[in-house]
Structure formats: C-alpha cells, structure tokens
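Each chain is listed here by its residues.
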Amino acid sequence: MTEQRDHFDDHLPEDLRKVSAALDRLAQADAAGFDPAMQERIAASLKASHAQHQRGLQEHHRRRWRITPMARLAASLLIIIGVGAAWLALRTTGPSRVTSERNGTLARGGGEGTPTDPATPGLAEELGSTESTSAAEAWASLDALYEDDPAIVRTASEDAEQLWRALGEHATNDPLAGLFTNEESGGAL
Amino acid sequence: MLPQGMQPDGSPTPPAQADDAALRALLREAATPPPRCDSAWKQLLGIYGKRVFGLARSRLGGDRDAAEDIVQSVFSKLAVKLRAGEYVEEGKFEAYLFRVAMNRIRDEGRRRSRSREFVTNLEATRNSGEQVEPPVADPLSGSPADHAARRTQEQHEHNLLREALAQLPEADREVIELRHHGGMSFQQLSLVLEEPIGTILARHHRALRKLRAILDGKLSLEQTGGSLS
Numbered sequence: 001m002t003e004q005r006d007h008f009d010d011h012l013p014e015d016l017r018k019v020s021a022a023l024d025r026l027a028q029a030d031a032a033g034f035d036p037a038m039q040e041r042i043a044a045s046l047k048a049s050h051a052q053h054q055r056g057l058q059e060h061h062r063r064r065w066r067i068t069p070m071a072r073l074a075a076s077l078l079i080i081i082g083v084g085a086a087w088l089a090l091r092t093t094g095p096s097r098v099t100s101e102r103n104g105t106l107a108r109g110g111g112e113g114t115p116t117d118p119a120t121p122g123l124a125e126e127l128g129s130t131e132s133t134s135a136a137e138a139w140a141s142l143d144a145l146y147e148d149d150p151a152i153v154r155t156a157s158e159d160a161e162q163l164w165r166a167l168g169e170h171a172t173n174d175p176l177a178g179l180f181t182n183e184e185s186g187g188a189l
Numbered sequence: 001m002l003p004q005g006m007q008p009d010g011s012p013t014p015p016a017q018a019d020d021a022a023l024r025a026l027l028r029e030a031a032t033p034p035p036r037c038d039s040a041w042k043q044l045l046g047i048y049g050k051r052v053f054g055l056a057r058s059r060l061g062g063d064r065d066a067a068e069d070i071v072q073s074v075f076s077k078l079a080v081k082l083r084a085g086e087y088v089e090e091g092k093f094e095a096y097l098f099r100v101a102m103n104r105i106r107d108e109g110r111r112r113s114r115s116r117e118f119v120t121n122l123e124a125t126r127n128s129g130e131q132v133e134p135p136v137a138d139p140l141s142g143s144p145a146d147h148a149a150r151r152t153q154e155q156h157e158h159n160l161l162r163e164a165l166a167q168l169p170e171a172d173r174e175v176i177e178l179r180h181h182g183g184m185s186f187q188q189l190s191l192v193l194e195e196p197i198g199t200i201l202a203r204h205h206r207a208l209r210k211l212r213a214i215l216d217g218k219l220s221l222e223q224t225g226g227s228l229s
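So the protein sequences, as listed, match chains U and P.
Position 174 (the first sequence) corresponds to 174 in the numbering used here; numbering is contiguous.
Position 80 (the second sequence) corresponds to 80 in the numbering used here; numbering is contiguous.
Treat the hints as calculated values from the structure; they're not laboratory data.
You may find that some hints are simply not true.
Simulated pairs of lysine-lysine, DSS-like, Cα-Cα distance not exceeding 27 Å [as the list claims (entries may be wrong)]:
(1) U:K18 / P:K218
(2) P:K77 / U:K47
(3) P:K42 / P:K77
(4) P:K210 / U:K18
(5) P:K81 / U:K47
Only chain U is shown next, with the shape it has when bound in the complex (with noise of 0.2 Å):
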C-alpha cells in the first residue's frame, strides 16, 4: 500500500507515528477486500460497458443520420415551393415576354407568345390577339399616313431619283465604268 510513499512519516512525533501507523493498518484491512475474483469481475464489466458503448455509438450514429417522416415531409414541401417559385419567376421575368414587348405585342396567354409580325396580319388574326390587332391597325395607318402624304411620297421619290443620278455620274467617271455597263439596259446603269 505505501510503495508511493515517502517518508515523511519517520519524522512525526511518536503519538503522531503510532496513529499512522494505525491507519495503514486499517488501510490493509479495507483493502484485502479486493480479492482476485472481483477484481475478475470488474475486468469482465469493462469489457461489457466497452461492448455497450460501440453500440450505443453505433446507435447514435444511425440515428444522426435517419432521416425522418416529418424531415421528408419538409424537405418534400421545400422542393415544391422551390419549384413553384422558380416557375413564377420564369414566368414573370421571363425571355420571351421581353421580346413580345419589343415586337409590340404579347401573345395571349403570356410569355410564351410567339412573336407577332404586324406584316403578317393573317397570324395576327389566327392568334386573336387584340395586341396584335392594335399593331397591324398601327402599321395600316402608317402606310395610310405616307399614302395619304404626298409631300411625302415626293420627296421620296425626288431622292431616290438623285440618288440613281449620282451613281450614273460616278459610273461615267470611273475607268472601270465598263464593268458596271449593262448592254441590254442601255449603257449607263
């Protein structure tokens, strides 16, 4: 029992050395109760609560990991509002409500219009938008307006005929004129 000990004890006063020497005795007597058959049993209970405690590792393991019915059911909830979500997003902000709007028009339905050329009125009236319509009106009156103008249609015509006049000029001019004769349009072009 003392093979720690020091020897502190050997310098104590004679009364002081007779009570520790007492009390190692009755450290002796209060450990001979440790016998070789409990000690035994101790070591076979180490090695079960060694056993316990893998399992309940093991144990804890799993369950950090199952998932559970109200986990999949919130994470089934959460994927469909992502779903849902991004579908509206699409839909508002989508790419092909940005070029109907440069075309003039939305198709009916929205978004997914196909782009509506006011040249093509007969699509227009197949779609029955009444965007589209308003678009083709739009186009007719501009055509009426120029029709309608003849101010404008003048001086259209005046410029385009300057214009032939100048290219004959450089034409004449120009030593590789001969390229741009046209014998059957007569000469100049």
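Place chain P on chain U using the hints.
Okay, now just chain P, sitting in the frame of chain U:
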C-alpha cells in the same frame, strides 16, 4: 524475459517500479478495442484497483459493495477517456486516476447524505459481525483463542479509527485517506488536491493531531494496552 509490468511471481509491478515508458505502453494498449486490451486492464486493475478500492471503502464507511461499484465506475470512466483519446499520459496518471476516484466518491457521499443511507450503513457496520467489544487478553499466546482475540482487537481498533475519521473535517479526512489508503506521496497529493505541497504537509500533520485527540477522547490508549502502538 518477463513481460512489462510483471514480477517473477506473475503479479503486477508496483507503481514505484513501473517506469513511465511501461505505464505509457500499458495505457496505449488499454485504449485498444477488446480482446487486445484485456491484459492491459487486468494489469492496471492489479496495480491500482486495490488502492482505489481501499480508499473508496474507507470513505464510504467500510461498505464493500459500494467500494466495488466505485472502482468499476472509475475504471469505466478511465476506459472511455483512454479510448476517446481524451487522456494523454504526461507522468500524472496516478494523480488523474485518484482525482477521478475522489470525485466519484464525493458524488456517492452526497447521494448517501441525501438519503441518510450513509449514517445507517455506518451504524449497521458497527453493530454487525465486526465486533466493537474491547479485546480480552488471552494468556495462551499463539493459540486459536489468542488469534481470535488479536483479530477482535484489530477490528475494535479499526472501528475506533473509522469513527474518528468520520469526525474529521472533510479536507483533513481527504488528506489522511489519500495518504494511507491511496498510498500516495505528498507530491502526488499536491497534484490531486491542487494545493502546494507545504499546505498538504501541514494539513496532514494537523489531521493526525486531530485524530489523535479524538481517539484520546474515545478511549485511553494505555487502557487498551497500546493497541495503536
């Protein structure tokens, strides 16, 4: 060649002889999974089990079963700490082990004081087969009767000491029991109780004086034929 930590008779080497390297190797082996660690635990139990048991038994009023539970609990905790790598041996293993033991014993003491089981148990021990009757001198030295008388006298002395220890203040009692039941040096006591060694020396001396005074109050040593001599 003898295995590490073993004596020629097969018993574990006492701690004083087991060097640090051997203890480290033993603790490393104890941290491995069974059955590899079985031998290491048997050795550790052989070296320290008796001392922890004696300490627990004394602190718990001589209750053998409770002391066994304490030893089991202390070594189980040690096993968990070693396997989890939470204890690293730095030459203070014994201090660590006895600190764990003291904490466990204190917990048990608190539990008992709540249920008043401790007092009842002490009284039961006092009134059980361990007689408290004063010894009767037998003129036939060496006879079975003499042996029985000596044994009775020893038990009487032990009971007196237990009662005296129970009357000591907690701090004094801890020093006495760690020193005598735990078989620790003052240096180790200083580590376990986290006090300067001078304080521990003084406390031990004072505790012995108090114990002597209590024993003197209980019976005259001269009248018992110097049983504490």
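Hints versus structure:
1. U:K18 / P:K218: holds, 16 Å
2. P:K77 / U:K47: At roughly 13 Å apart (the allowed maximum being 27 Å), K47 of chain U and K77 of chain P satisfy the hint.
3. P:K42 / P:K77: holds, 16 Å
4. P:K210 / U:K18: Given that 27 Å is the threshold and the Cα spacing comes to 13 Å, the pair holds.
5. P:K81 / U:K47: holds, 15 Å
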